[in-house]
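Based on these hints, arrange chains B, C and D on the given structure of chain A.
If you're matching them up, the sequences are chains A, B, C and D in order.
One point on numbering: in my numbering, the residue at position 184 of the first sequence is 184, and numbering is uninterrupted.
One point on numbering: in my numbering, the residue at position 368 of the second sequence is 1368, and numbering is uninterrupted.
One point on numbering: in my numbering, the residue at position 198 of the third sequence is 2198, and numbering is uninterrupted.
One point on numbering: in my numbering, the residue at position 488 of the fourth sequence is 3488, and numbering is uninterrupted.
Check before you lean on any hint, since a few could be wrong.
From chain D, some residues computed to sit far from chain A (all C-beta separations above 10 Å) [said to hold, decoys possible]:
(1) A3072
(2) C3114
(3) L3143
(4) H3184
(5) P3201
(6) W3376
(7) A3610
Sample of chain D residues with no beta-carbon within 12 Å of chain C, all distances over it, derived [to be verified]:
(8) W3033
(9) L3202
(10) D3292
(11) S3427
(12) R3461
(13) F3484
(14) G3496
(15) M3497
(16) Y3516
(17) A3603
Derived DSS-like pairs (lysine-lysine); straight-line CA-CA distance at most 27 Å [said to hold, decoys possible]:
(18) A:K29 / A:K51
(19) D:K3618 / C:K2149
(20) B:K1425 / D:K3157
(21) B:K1425 / D:K3225
(22) A:K51 / D:K3531
(23) B:K1351 / D:K3618
(24) B:K1293 / D:K3157
For the record, the hints were derived by calculation from the structure and aren't laboratory data.
Cβ coordinates follow ideal geometry from the N, Cα and C atoms, glycine included.
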Amino acid sequence: MNEFSILYGFLNISLVLLVSPLFMTVIKKVKARVQERSGPQFLQGYYNLAKLFRKETLYSDYSSFISRIAPYASISILLVAALQVPLIWVPSQELVTGNIIVFLYLLVAGRFLLALLGLDSASTFGGMGSSREMSLSAIIEPVTVVVFAALAYVMGSLSIPEIFRNATLQFPAFSPTILLLSISFFILILVETGRIPVDNPETHLELTMVHEGMLLDTSGRNLALFELGHAVKQTLLMAFLLNVLLPVGMVLDVSVSALLIGGFLFLIKGLGLCLVIGLFESSLAKMRFFQIPNLFMIAFFLSILTIFVEVML
Amino acid sequence: MIVMLYPVCGVIILLLQLTQKKHQWLSLLGVIHSVLYLFITAILVLYPKTWDQNLFFIVDHLNVFVMLITSIIFTSASVYAVGYIGGLVKSGDIDKRSLRIFYFGFSLLLFVTTMALFSPDIALFWIFAELTTVLSALLISILTIRANIDASLKYIFICSTSMLFSFLGIIFLFEAIRNSTGVGSLEWSVILKEASTCDSGMIWIAFVLFFIGFAAKSGIVPFHTWLADAHAKAPSAVSAVLSGAILNVGMYGIFRMTGIVHGTGVAYQASLLLLVFAMITMSVAVFSMLCQKKLKSLIAFSSIENMGFILLGAAIGTPMAFFWALFHMLGHSLIKAGLFLSAGILHRQYKIPTRTGEDEIGDLFRLQPVAAITLMGGFAALIGMPVFPLFFSKVGILIACAEVSIWIPVLVLLLFAIAAAALIKFYLSIMAAEFPDGEGPAPYIAPVWMIIPIITLLLFSVMIGIMMLPGEESFLLAAVSDIGIRVNP
Amino acid sequence: MMPDVVRICLVLVLVSSAFLLSSRSLSNLVKNYQYQSVLLVLIATGLAVIEDRPLLFLIAALTLASKVFGLPAFIRMIQERMRIQQDIRFSYLHPTGALMVSIGIILLVYVCFARILHTLYAHNSLFFLGSVIGVSMVLMGLLAVCTRKMAITKVIGYLSMENGVLLFGLFVTELPFIIEFVIMVDLIILVLLTTLLTVGIDSSIEEYKVRLQKFHLWTEEEGAQ
Amino acid sequence: MSELFIPIILLYALSGSVSLCIRKKRIWTVSSWTMGTAGLLLSLLSLYQVCTNAAGEICGAWHFSSFPFVLASDRLTAVFCFLIGTLSLAVSVYTPRYLEGMHGNRRKYFVSGCIPFFLLSMLLVLLARTTIAFLAFWELMALISFFLVLTEYEEEKTRYAAFFYLAMTQISTVFVFAGVILLHSLTGSYEYPSALPGSDPLTALSFLFLFIGLAIKSGVIPFHKWLPHAHPAAPSPVSALMSGMMISTALYVMFRILLRFYVPELSWGFLILAFGCLTAVLGVMYALKEQDLKALLAYSSIDNTGIILIGTGLWVVFSASGYPDIALMALVGAVFHTVSHGIFKGLLFLTAGSVVQAAKTRNIDELGGLLVRMPWTGGLFFIGVLSIISIPPFSGFVGELLILQALIGGLMQMSPLMQIVMLFVISLFSLTGALTVMTFVKAFGLTFLALPRTTGAEKAREVSPAMYIGPALLAGVSAVLGIFSSQILGLLGYPGMMPDILTLSLFLLITAGLVYAAVYSFASRNTRITKTWDCGIHAPTSRMEYTGSGFTQPVVRFFSAIYRTRIVYSKEYMDPDQCLFRNGTASIYLVRFFEENFYLPLARGIERYAEVVSQLQKGGVDRYVLYVFAAVIALIVILGWSA
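This is chain A alone, in the form it adopts within the complex (with noise of 0.2 Å):
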């Protein structure tokens, strides 16, 4: 807990803030080039957020304390998990001492929380939406623990600073492993953010929606908070891959030009990344809903094989 640690937490958080509302922007503008519509300005997410801000707040009078406190328990849920996940600056001593288990248990506290909140207020969405964010979280969940098992197992430590240091050690290693590991990592983030193969994050339709029917209710600050979360667990789900895959702008000693370079570097990793996004979600239609463990299976499949690669050979 030594002052540079302070730093550190104070400057990842503020990055993630700050950066996560364009990758959102980003990702929809690429979906609208796509299908030749201009799309939102780079900015639009900022001023959506500004304005929920402003906007009054409705609560259903059937709905109990979780509609209240569930927004800002879940903001600072994702917020504590940033702090472990260090985007630019791998710091030696780290602020809270977490490693993946932890990680991944802040996540489902997330979804839990937003689960809950979907069956406050007695409405049949919140309540479809839910039971279908639970049915999807508990085939996907195997797969994310065994993800990240093959990501410890890989990178040979539990703690995510200490990942990401051998990461950028062995960094022009171009081994299979790290590939396969990053295509399961893509598909784990798809569906962690509920993007198009596995849920439509633009459409409020019944038949579509898992993650807005959660939401359906919520309006003004609840409704600002919960959509920064969203966007702060795509973010973080996104540096995971970046800083394994190409952990080119890491920084190891602090310096303020390192962490001006490495920032820099890590906005036009996350762009790039965000077309990729883009791309391949506006490729795909979405999946029936009892198609998607198939899905999963994949990404099951490809975790095991980077263990057994990595045993093998």
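Structure of chains B, C and D alone, referenced to chain A:
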């Protein structure tokens, strides 16, 4: 000299009984008779020095121990009978004349059982055992209902025909002793000494034929069929005595004979035979318990099962097995008598036997809370719950069995589990049955004389279950050595 | 010489118990039992003469008194009251089958006892023969008990079993007299009780009460049932 | 120091006998207070014992009818005694008010009398140090809990549950008894054996007997079928104790056996692991589909037993193949999870009991909207739910974290073949975690949130204060166990095993505070209470809400291989040749796999065999004498043959 008091007091009481007419006096005499015998046995237990001063009877730890059990059971049954038979007389089930026969038979049964236990001579023992059969058959048929007479007839035919075979066994034994020592004798002590020198073929025939008779007396399976009907149909005071005391006489005979055979070359075959019979008895008894509809026949089958278990202890034949078999006999008699007595209260309450042959028991906890709780306590004791003595004897005998092979205890434990399931299944079925309101029988207020013996029996069994009385362990070890098994110190 | 007279009587005793199994009418059932007891008395006196044991004379007299005259008279009295002559009802084995089984029993007992008591069998002792015949008589009596429906016929079967035991007892030289005497008394009591009970079982219930009045044994109120 | 256990035992016995013997009005409050003080003393004494790292001190040795009974306590026992102390304290506060809701005075005396004896028998099982003492107290525990399950004996369901429970405990006693006998014949004495080599077959057989006996009692899958019947049938404080404490006692004995009795073999580890995985996955699957609230909690106890068995199995596997550090981590995780499961399962059952008493029904589809009506009970149930689905700062998370860390550690260090096993266990372990989250979203969401579905739930009012102070105590202990877990483990001598949860929870609080301050100061503060949005039709009624089966229908479709559902429909027609349809019913129900394919056929088989055997008894004198005749002939043949 003390032992001579038994026959003297017995004759006096029997003569007095012939003179009396009214129920109070008759029942009082019955109680005095059994209390006197309990008092004499207590003196015998406390002063072992006085044992060998008498001229006719032989007295050793084994028969004093079995006599102690018998006198306790007879005392509690006679105290219980004061209320129970009084109730039967008031409801007209027994008339004046058969009442005198009942009490005369009851005291005569006690007298004959004592004589059987203390008789020095194996043939005399056989005769008195035969007389116990006759007298208990008389007591069973006292209610002159057709079912009772049928049950007592079965009892007589099965037991006495098998006993004839054991008399053949005694004749073979006499001939064997005569061949080896020149002068034949039927004294227990002489046979015990001479057995090892006799020709093993004769001893083996004698043992098997003797076993047939006394297996019937103590309800071992192929000969057990009379027990369920006799105990279920008899008045509860009588069935308590039958289960508690008369079965032990049969088992006492088997113990003596196993002791005799123990020294000879045939010991291994004998214990194998006993083992097979014990296992068959327990399995048949346990499975027939599962589909019993009537309370007293369920309890009767559990007596068969426990007798099978005691026989298992005798079959193993190590000093520890015999020690715990005797302990199990004491615990089982106490609990079984308590159970039959509380079943008697339910009998008086619900007027069993009813037409449909099934017990129509309802509103159990409202009408008879005390009987219900003692029944549950008795069932818990039979299952072998830790507070009760059967738990420790179960542990002791099964550990002795483990030396032969581990699979015997496992099988026996499974049988005990099924027995427990049968008992509880029955209790649950009668526990919550309700009469449509208004139709239930009038609550029967059991006189205090009927409840005291049940409570004392259960409390006494809990006492010996929890702690070994001061001299108890050495007394039982001495009894085991009296049987004829070398007890290394 | 004398022993083979005894051997003839033994065989005759077996024949009598075979007859006992197969006779249909009650009255000649009792007559059979009487013949069997007479044969027993003859054996007893024969043995007394051969092995000059005065004790056996006393036993023979006792058997004559009780088993030839006493018990049959009592049973015949019971039979008149019950007015049932023909006991045609058999369970499990009809007379012919019963005879077959009894032959089988005698052979089986002979073979088994020969294997076990091979020393006695070797020098053909009287005791061995007595034991075989005694045990097989008891078994045949048991067969009679379980193949007859009527309780009174079961009692007679039981008595023939008791005769078998008595026969076997005779062969053992110094079996104390008291034992024999007391067995006799005990069995007589037993038979008395069973015959009384059988009176209840065999006749139908209504007659049962009337008949018992005649014996003024049990005064009955109606409440018993 | 451990002699102090004796007065505590006497105090428990006193509080039990007070309520059983004295029939004064409301005597059960006195007996509950004595039980509470006994529980408090016990937890303080055990805390002291844990901290001073006391070695195994004898606290009493007697001879009951020539069998040695020795009681002693060491650190492992002290940890579980702490669990008994806390649970008895909470139950003693909860029971008096709960009993008011029961009808029948005699029943209230009976329940408040038997609970202290039930706790006493479990305490004695923990303290026992000779096999005979363990066996005696084990059977005593079974008997008393059978009586407690049987309190409401009017309903047929309770009697069926009680009979099923007794039959299974009898079978468990058979195996435990056989194990004890085998141990005696191996070691020749009744003392707890130490370090018997696992290789020789007899020892392995004795382990197998003991393992199956304990598995039946702790609800391992093939033998679990009695648990979801018995626990809900018992009154709530009793089912809290049974689920919380009795399962932990059985697992304590499992730890005691593996730690001290035997030197475990690798194959034993795989056996335990296999049973653990099977129980964890199937347990949570059945919990998911359960509609009865208390049965759902019972199934989730089975699921947690599975997780604990996975931890124990891992310890055996790692220590047998020579990886002591991750083995210790798995064991500490398993023990910690047992204790924390005991606490939060007790909390959940007590609060569920208040819900059931207030709303008069146990079916989740008839509850709803209770959080607004019963805020305290709802809040405490919420804390219980947070810890059971292992959310980081709460105690449920610590056990799962340690076990998962051991698994991934095993994945890193072991041979390739073992890695495949580790992978398989990791995926099953996390599947169980995810399904537990879904089960308790359903349990909490559908019972407490949204609109009440029936008038019973509508009229439910908050229970009296005593009935949520007890559970609040448990919630406090559970939170403390969770937050200070790494400090506690450090104190116990296992430092550095897990990340520091304290700093994590501090940061959570700080961030939450900062976010609230930021939003409060910058964003607009006006809020409005309106109707839930419902596409413009009138206000949504409770019939429009999601029901339990609807909520779990997607998962049932995914795992349809496991959930065999059976559709039963009946049709009625107006006319004889069946063309005008009048009405009909159709219902889908979950086939109770184990019960219908294993237990009921077995019971019917025994019943039929018993019928055949009892034919022996039907028949007159002739048939019985024929038996005698046949037996004599057989004996004579044996005579001849055996010469």
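Evaluation of the provided hints:
For D:A3072, the requirement that its beta carbon stay farther than 10 Å from each beta carbon of chain A is met, with the minimum near 37 Å. Every Cβ of chain A is farther than 10 Å from the Cβ of D:C3114; the closest lies at roughly 37 Å, confirming the non-interface assignment. The beta carbon of D:L3143 sits about 40 Å from the closest Cβ of chain A, which is more than 10 Å, so the claim that it is off the interface holds. At the 10 Å boundary, the C-beta of D:H3184 stays outside the reach of chain A, the nearest C-beta of that chain being 44 Å off.
For D:P3201, the requirement that its beta carbon stay farther than 10 Å from each beta carbon of chain A is met, with the minimum near 35 Å. The Cβ of D:W3376 sits about 12 Å from the closest Cβ of chain A, beyond the 10 Å cut-off, so the non-interface label holds. With a least CB separation of 45 Å from chain A, D:A3610 remains clear of the 10 Å interface cut-off, as annotated. With a minimum CB-CB distance of about 57 Å to chain C, D:W3033 clears the 12 Å threshold, and the non-interface call stands.
Look at D:L3202: its CB is around 39 Å from the nearest CB on chain C, clear of 12 Å, so calling it non-interface holds up. The non-interface label for D:D3292 is consistent with chain C: the shortest C-beta to C-beta separation is roughly 52 Å, beyond 12 Å. Non-interface status of D:S3427 relative to chain C is upheld: no Cβ of that chain comes within 12 Å, the nearest being about 69 Å off. The beta carbon of D:R3461 is kept farther than 12 Å from every beta carbon of chain C, the shortest such distance being approximately 60 Å.
With a minimum CB-CB distance of about 79 Å to chain C, D:F3484 clears the 12 Å threshold, and the non-interface call stands. Residue-level check passed: D:G3496 sits 80 Å from the nearest beta carbon of chain C, beyond 12 Å. Non-interface call for D:M3497 relative to chain C: holds, since the shortest CB-CB distance, roughly 75 Å, exceeds 12 Å. Every C-beta of chain C lies more than 12 Å from that of D:Y3516, the closest at about 88 Å, which supports listing it as non-interface.
Residue-level check passed: D:A3603 sits 35 Å from the nearest beta carbon of chain C, beyond 12 Å. With a CA separation close to 20 Å, the supplied pair A:K29 and A:K51 stays within the 27 Å bound. With a CA separation close to 16 Å, the supplied pair D:K3618 and C:K2149 stays within the 27 Å bound. Of the pairs offered as hints, the one joining B:K1425 and D:K3157 holds, with about 14 Å between alpha carbons and a cut-off of 27 Å not exceeded.
Of the supplied pair hints, the one linking B:K1425 and D:K3225 holds, its CA atoms being roughly 18 Å apart against a limit of 27 Å. Of the pairs offered as hints, the one joining A:K51 and D:K3531 holds, with about 23 Å between alpha carbons and a cut-off of 27 Å not exceeded. A C-alpha spacing of about 24 Å is found between B:K1351 and D:K3618, which places the hinted pair at or below 27 Å, so the restraint holds. Simply put, B:K1293 and D:K3157 have alpha-carbon atoms about 21 Å apart, close enough for the 27 Å limit, and the pair holds.
In this structure, none of the earlier numbered hints is contradicted; all agree with it.
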